[in-house]
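Student: Next come the chains, spelled out residue by residue.
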Amino acid sequence: MSDKPMTFIRRFLAAAPASVVASVAILAVLAISAVLAGQICGHAPEAVNLMNRLKPPVPFSGSAFNHLLGTDELGRDILSRLLHGMRISFLIALAGTVAGASIGLGLGFMAAHFRGLVDDMVLTAIDFNAALPFIIMALAMLAFFGSQIYIIIAIMAVYGWDRYARLARNLSLSALTEGYAGALLALGASPGRIYIRHILPNIAGVLIVNMTLNFPGTILLETSLSFLGVGVQPPLTSLGVLLGFGRDYLTTAWWIAVAPGTVIVMVTLSITVLGDFIIGSLDGTYSFSKSDRL
Amino acid sequence: MLTGCVFIALRLTGDPAALILGPEADAEALAGFRVSRGLDKPLYQQYFRYIKDLAVLDFGVSYVTGIPAREAFVEALGKTMKLMLPTAMVTLLLGIPLGVWAALKRGRAMDRGLMFFSVLGFAVPNFFFGLLLILFFTVFLGWLPSYGDADGWHYIMPVLTIATSEAAIFSRMARGAMLDSLNMPCVKAARTRGLPNWRIIWLHALPNALISLLTMAGFFLGALTAGAVITENIFSWPGTGRLLVISVANRDIPTVQMVVLGIGASLITANLAMDLLSLLANPRLRDAAR
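Going down the list, the sequences are from chains A and B.
Residues 1 to 294 (the numbering used here) make up the first sequence, in order.
Residues 1 to 290 (the numbering used here) make up the second sequence, in order.
The shape of chain B in the complex, shown without the other chains (with noise of 0.2 angstroms):
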């Protein structure tokens, strides 16, 4: 269903020749264009065509580079990840235990400054907070490189832009799945019986926070995946949202498909392999899908 809604989408819009080639291109260049790119045919063969290049994992070969654009989206989608684990990394050490401690600290000022600067980090667009750095550490302090990948040094302020922010929602989550879990009974039956606050916090209440923060993973993925579309165009970061951006800008539609379809089953499966991590974390939920 949805590569018969792409096709469609894909050639309702317009001459692909006429957008390549630009207005200057005469009759005979762009017939051409067509017959090589099987533009010429009826749709039906289009798209039985169309249909039998996925099947064996071919998406076409980029209008504007001439790379295929299987072997493009490849490389950008190893650079994405490289982005991609630091930030998650920096992002759970840090939306974590600083949502855990204002739950500890519930209501105090403590907890009311941490929820302050998570909704700022909620409110500051990605786009905005990533130039704001390059303002500061590159053109007034000169430390460090604003765009690339070349070394350790490119990699701070693309992952501080998407953490902090996704830091902020996750610190939030982290302090309302703490409290809950400070409510449930096993903590209240753990007080009782007098052990001391370390082994409730750490073996009681943590545990089953965590567990709830995992169902929250597959949201995460996707916002870290949306995140790296600003942040790797901030930067110049070559990765699946630069590239996804520069052939939109191109209307490569080769490319921009192979992108759109790539990213959506790398978030399924990521997201088929997050829920069943969650069934092996917990007991109680194996339980409810049998």
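Chain A extracted, bound-state conformation (with noise of 0.2 angstroms):
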């Protein structure tokens, strides 16, 4: 990408059809509205008022312009907690993607450059998590170590590393056979210099549209362990714990539940979207190793 970021934006406008332009356009304002959730709305998540319980959103009768989405049967303003509950779900779900993606290329590196019983060892492993249901081995974890944040972050890195890990020992295997690695091994640069300095930034684009394509399926493996429960655990709320609580009052305030729910199919539907038009234009360099959903 050596344009300058002006012409990128525009050649992408003329090449993308209007879905992914669109998607992108939701994406960036679903990130923005996230960052600055405590600027956008007056509400403060937590402010309980009791004389405002179970107000519908906005088109529908009883329902006031300062509750936007309605409130809760606490009278907390839907909007506000539907704000603070993407930040921490996108954060859980970023900072789950890059430790995931920080382990996988460790670990791929260290299996092409070992190659032998390091190499079957990681090999068996990646196996190993592809073969069960990524969110029965989730559950167990939080059965063993409980709900707590860094838990759950720790489990969004597992479930994402063995795609990293088997990319970045595929593409650093071939990419020690060209000329660049071995001249740089003839000119005595340490293994740690030649992966991190020269091969990463050449695989950077492949492991970049995995983490893409990765992205909602992290998001969707947080927001099911918070919806059944087990996941982020009030106070802190995410986008599955608002639609998990919502469930209880699908019958009275059917909004609570409806609102969450409409970000996450937005975030997904987005990224898949986007997904599908990268691995399009990029035609052959990445194809679907594994595709387990939930």
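Treat the hints as calculated values from the structure; they're not laboratory data.
Treat the hints loosely; a few may be bogus.
Estimated spans, in silico, between C-beta atoms of each pair [unchecked claim]: (1) Glu75/B with Pro234/A: 24 to 34 angstroms; (2) Asp275/B with Pro191/A: 33 to 43 angstroms; (3) Glu71/B with Glu178/A: 58 to 68 angstroms; (4) Asn183/B with Gly179/A: 28 to 38 angstroms; (5) Leu94/A with Leu85/B: 36 to 46 angstroms; (6) Glu75/B with Thr262/A: 29 to 39 angstroms; (7) Ile268/B with Pro234/A: 52 to 62 angstroms; (8) Thr262/A with Asp151/B: 49 to 59 angstroms; (9) Ile268/B with Met121/A: 15 to 25 angstroms; (10) Val35/A with Met184/B: 48 to 58 angstroms; (11) Thr262/A with Arg193/B: 51 to 61 angstroms; (12) Asn183/B with Thr212/A: 23 to 33 angstroms; (13) Arg10/A with Gly148/B: 55 to 65 angstroms.
Positions of the beta carbon are idealized from the N, C-alpha and C atoms, including for glycine.
With the hints as a guide, bring both chains together as one complex.
Tutor: What follows is the structure, encoded as structure tokens:
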């Protein structure tokens, strides 16, 4: 991406279909509102107002403009809770993705460098991770270790690491056969330097695509665990916590569940559309190796 | 190796006695609990006992209900199977024909429309779709019961919840497989021989596509199991997924362990059966395996 940013954006707008542009716009809006959660909304997410309980969202009768998306059973503002929940969900998914990518990269590089026994061990671990539906492993880990926030982030990391490890291993094996790695070795560069400074930048594109593709899965994993009540614990909220909470009020106040659910769908749908477009335009350099879902 | 990991993880994570009996329990009660569960012995003795119990399929007694974990699991597994069979059927009957149809109409509005719904089915998570179904059919219309497994009506929403998302993925795979097989030499040969279109599709292209779909079956079983965990909890279906989540919430370690090992073992067995089945169905694989 040697272009200046503006030309890159212009070329993207010219090449991408409307659905992809819309997805990017939705993601940008959601990301910005998650970052600015406190500034956008006047209400604190935990501010209880029992006089204002179970207000419906705006177009419906009985709604008020100071609670655009209505209020929950304690009179807390749904929009504000939604924005703060988004923030937690995105942060967990982001931290988990980065941690998973780092673990996967490290193990993949080690497998490619040492080959032999280390390679076999890493490959076995990858297969093991892919053999069971991950949500079952995640639930078992939560049972053993509890539901602290860092455990949840660790679970998100374990969810993704195998794909990065496989990619990093295969890509660096093929990079090692190219001339530049041999030249560096002959120059006396240390393995760490070769992998981090030279091979990593060469394979970064594919890894970033993989991060994009993995993101909806990570969000869905966190939200399902929280929805089941074993993920993020109150007083922290996440999209899944809000949805699980709204489930108890489906008969009286459907909007409590529908608001976070819609945001989750918007995120996963946008990233899926975007990912399909990126895969399509890379054309063959990247293919689905494992498509497990929740 | 797996048993070792599970055992270490179990013991690393704090004192089960304190977890089960709660912060109010006095020292005497805690000690009594430990003795009754064998937790007062040295670790290596605990591990040997644990392995010995596993060898005779004794997974211990639930900390919470006092029911043997194996009995609870077997009962729940039956309920899950009862839900999974119709779900698998609906998924296949929905996913494969739609995918094949999209492949035949490649690039036209029908194809694009179907693939749009496929992406949508892929992106709407089970737990939200299930809630929307409850909202519509139970809360607004009052037609369907929202929890339990009493009679046929109770099956509709859980089956729909899992089947739509799985069918969305399946139709994409079926579309890809069908497109591949439409490009195979045998199909082109059939075209040049002037065979009628239905014969080409039904007797030449479709069998080849189905065979490559069969290799996806292992993935499908895993996805069904994962779907069941979420869906059973939405609709309070008393299967393995619900048992697992309840036990995790209660930190009922023997039951969690039983369910995880049990589901793992069933999936491995089922995958093996599927591999053998695809060997049976596809002579080319048989040659490759030799």
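Student: Run through the hints listed earlier and report the numbers of any the structure violates, in increasing order.
Tutor: 7, 8
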